[in-house]
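Colleague: Can you join these two chains into the complex? Each is in its own frame, and there are hints to help.
Note that the protein sequences, when read in sequence, are chains A and B. Under our numbering, the letters of the first sequence match residues 55 to 383, in that order. Under our numbering, the letters of the second sequence match residues 66 to 433, in that order.
Don't read these hints as lab results, they were simulated from the structure. One should not assume that every hint holds.
Claimed, not checked - With a straight-line cut-off of 27 angstroms between C-alpha atoms, the simulated DSS-like cross-links for lysine-lysine are: (1) LYS330/B x LYS258/A; (2) LYS211/A x LYS183/A; (3) LYS106/B x LYS211/A.
Stated by the list, open to error - Footprint (simulated), chain B over chain A, 3 or more residues, beta carbon under 8 angstroms: (4) 293-307; (5) 320-329.
The beta carbon of each residue, even a glycine, is placed where N, CA and C say it ideally should be.
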Amino acid sequence: MSAAPLIKIEGLRVRFHGDDGRITHAVDSVDLSVANGATLGLVGESGCGKSVTSLAIMGLLPKQTSEVTGNIRFDGIDLLQTSDQTLRDLRGNRLAMIFQEPMTSLNPSFTIGDQIIETVLRHRGGSRKSARERAIELLRRVHIPSPERRIDEYPHKLSGGMRQRVMIAMALACDPRLLIADEPTTALDVTLQAQILELMRELKAASGAAIILITHDLGVVAEVCDEVAVMYAGEIVERAPVDELFASPQHPYTVGLLGSIPRLDHRTEQLATIEGMVPNMAQPPAGCRFAARCPFVLEACTKAPPPLAEVSTSHLSRCIRAPLEQLVS
Amino acid sequence: MALLEVENLVKHFVAERSLLGRSKAVVKAVDGVSFTLEAGKTLALVGESGCGKSTVSRLVLRLIEPDAGSVRFEGRDLLALDANALRAFRRRAQIIFQDPYASLNPRMTVGQILTEPLALHDLVPSPRRHERVAELLRLVGLEPRLARRYPHEFSGGQRQRIAIARALAVEPRLIICDEPVSALDVSIRSQILNLLRELQDRLDLAYIFVSHDLAVVKHIADRVAVMNLGRIVETAEADALFAAPRHPYSRALLSAIPLPQPHAKRSTILLKGEMPSALNPPAGCRFHTRCPFVIDRCRSEVPQLLADRSGHATACHRVAELPPADAILPAPHALSPALAKLVAAFSRKAEGAGHAGVGMQDAPATPK
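Pulled out of the complex, with its shape left as it was, chain B reads as follows (with noise of 0.2 angstroms):
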């Protein structure tokens, strides 16, 4: 049984009312989305902004209400939960934001913010809580001494781990990853890609990550479902996807990141005009108005998202016609053997100096 069973999942919003309170205009921020997530696994939500997948993960956690379709974890319907067994669940299902600056109350310190969960599902008996903040730190590679600071004398990277801490606090399945990385420079983003690759392995998370950044998800992800103005338009393995993208919109998405490779030989596809809004999605295919393939059929008639044996589904009505898409896919690229020397060497030493990088310097770095 899949630990997560998502089934034509639909949130509007009311963007406008009427004097009567009718609504007038209505954002279709999800329209129809099915997924499924093996324990252990991580699912990514890929996407441009206003494609509804930081919705999708706020209505998987039922921090929001859908208006229609459903949610299954363990077997059970989510939607049916009255508020204890909801509190119950949000113990097997936690949520890691964007924004480590916003997500931790400045007025508590970590200890008080590690303590909370603890205390609010009766986890741990009192007298054992410090025992158990200390491990939690530790485990998210923090030293246990700093539970007693506050979250402005940490660096970006550090508060992401205390946010790791405390959704690891109530021992949960489930971890719901809204661009974790996004807010931070690339080389502290790389060390909570390891710790969140190293906590799976340990502790048999599964996680669903929210990203835009097709990289990050092709680090990390098991499966991945891209989203386009509130639908999926193809999900399937990450390595199939990424070996052969199927829908033009995953290869436009695909072939428009800048490869680190000077003269990388592909092309890029260049989408024409904007994106349009959910506030008024085109007819048909949503993706009509930017699609290099659209034929007649595309304005009118809906894909459907069709799986193939292997499970690798895609919604496009011309998906069997489509030309392959080696050009667009960047090509194999070994590091230079230098350079792979380099970085190997780079991160042996780094290790073997153990994990300096845990430590507290009393005056944040430089100021912004």
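One chain only, chain A, in its complex shape (with noise of 0.2 angstroms):
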């Protein structure tokens, strides 16, 4: 996209060192970039690794147990490389993150004010009077109702959807350039996802920040995102802009994937499943890891991994039998 995204990440790695000396292979090679106010979606299912990679962005994988080798340039720094305070300086401030359990992630002795300004001094300094103007501006523009009251309340006392508002409100606390919302509506309601979604665009186009939205579902990503990466046993399996994901996927795992949802806009008897098991990722297999649940799988598929290839410009697909037309002319 435009000349210098705001962060690209090349060959990423993390593993995980069991105690019994097993060592899981979380993620794997995985290439990314966003440019300035684009969403790019990260897709996958349970234990594809794309959790993880959005940890290792923030730099909050545990050092003792993981690993995690790579580049992550994010606004000319290496997030990798860089000490402990600069990453303290930078998150919460320019790099923020929405975790998914609204429920979990506030701290429940603390009214949601204290947690607001605590973020908002930290990074900002000034006086406690202004942060906590400051305060009741965010909740204002996460459209809670009479802020003024509300900032002084405990977390318990919130629904859920309000809680993910607080969440958001302190995510935005000092104009992040980068968002990272991991499965910010999974939790919620459908009304309520509706109205969080909206949210999100609507900040967007207000501050036009960055943002990674890590999903599994594949409507959420339609609705709101400009590029998608599907992520497979830790690898990114696929990588294009929305549109062309979801007309014309270039890799047989997305293919599954859009085969098996239901669909409220297309009626189908018999949804497409993805036979077998993701890969056990202490050892993960030599060849395409997708290889044994695929089935336009090859010889050569299990022989050697395959690269994540440009089947057109801007759509990459990890499979050696892409272009998949071919396949079915």
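Modeller: Below, the structure is given as structure tokens:
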């Protein structure tokens, strides 16, 4: 896209060292970039490495048990090489994150005001009074009714949707350049989900921040993302602009995913299924990681790991049989 | 005769008692719910958290006792049954739960889990039980040799298959499926949905399918009842409801579901405000605080659930004056020809390869 992306990830690899000496390959050779003001969707099923990728960006993986290598350049800083002090200055400031569980990510023993004010004071300084005004302003921005009163309430007094708004307000406290949202609406009812997605669109338009949205829901991706990266077993298997991914997916796993969701706008008698299971990531297969479940598998697929290669400009697939159209014509 | 007839079911839970034991606060979880279900059909109960859909499913099985109303199963009044008759009834109606990790006893092997209902209801003489367990496992797409394993050795989708096998062990006529696929990944979800439909065709099962996901409901249900705060606000044949939802709440729910279709042309109804609490539901229509079409009458008078000739019933004072729902409905969307062909090829090939998915791996796939 643009010449200098806001964040550029190259060759990111995360390995977890278990107590028993087992090494789990959680994320392998992930390359991503997000331009200013763009929204990237990171999609995949449980255990595919999408959340680990986001935690690696934020520098939140435990140092003792995880080994993170590669390159993450954010705004000119290499996040993997920089000091803890710099990271602390970035987090909650230019780099912010929203988690899935609004119930557990707020501290129950402080008012929501205290928690937002803490962030503002840490990064912006100034008086407590002005920080409080800023907090009220933020609560108003995320459409919390009567923020002057709500600011002194404890998290347990708020509903799930409200708490997620507070989390978003906190993430926005210092006008982040990049917002990572990890399943921000998964724990919410659909009508609340619609409100939160609308809010995220609104805020993006207003602030021009870039967003990495992590989700398992392809509907959410279609509604809010510009570009999508599909992850499977720790690798990115496909990357494309959102329209292209939904119209002409180029990795068999993506095809299976799209075929397996029941749709409101399309009637199918039988849903597609992806047979088999995700490979054991302590011993990832030698070839393509999807080979064992892939209906289009060739012998070559199991021999060497396929590269993430261009199918067309800006559309990448980790499949030696791409373009897939040739398989069905 | 309908398999199941539920009339005016009411369940209030006491949330807080005074010192003398009198109830101070009452949650009106289910407040006058009626529906019928034909043999071999699927009724979906849809709604958001706290709407009472799970409570209804438990009342129907008499896992909790209703405060008022009646449940008739195959013509017999369930609430009049004594303990023995109730046990016999439970052979005819079973339930599967949302969380496949919590609903199987971790100390029992799959074989033991499946043998228990057979022994309890004395269905199969003990020498033949082993055989029946194998048959049940094959029925849900698992290999019989897995009977010796423990639940923790299985993935979420496989555990849900075991829960289904356990429900099928007693040869029920009705299975209540309480959010059976909500905890599963999308690719596994489709396997379980396909399995449920296949079993329904084969065994003539009736389902009450409790779910918050309208796309799943559209795929599986014959009839749908939309619930809000303890009441049914709209019920109709699934095709009719999805083609022309009437109640403003059904419309809002339907329009809120994100479509896997970039730039889908339809408007979303964003509900203002918070969902009211069932502890203190609004007077009149319980949806009036969030309804874009509210008038004074809605605030005072409770709307009745009135059916038209086709059996499409709506509880809304303004149902006749509402604008058509066309703008919020997803336009029928054909998959791009390339994608449709690919999905077809994907499914065909996978079938040809046999049910590889039922095999076991020794290690759990990836730690959470």
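Colleague: Decide, hint by hint, whether the structure agrees.
Modeller: Status of the hints after comparison with the structure:
For the given pair, LYS330/B sits about 21 angstroms from LYS258/A by alpha-carbon distance, which is consistent with the 27 angstroms threshold. With a C-alpha separation of about 24 angstroms, the suggested pairing of LYS211/A with LYS183/A holds against the 27 angstroms cut-off. Between the alpha carbons of LYS106/B and LYS211/A the distance comes to roughly 42 angstroms, so the proposed pair goes past 27 angstroms and is violated. With a cut-off of 8 angstroms between beta carbons, the stretch 293-307 of chain A has 7 residues touching chain B; three or more are needed, and the interface restraint holds.
Only residues whose C-beta sits within less than 8 angstroms of a C-beta in chain B count toward coverage, and the stretch 320-329 of chain A has 8 of them, enough to reach three; the restraint holds.
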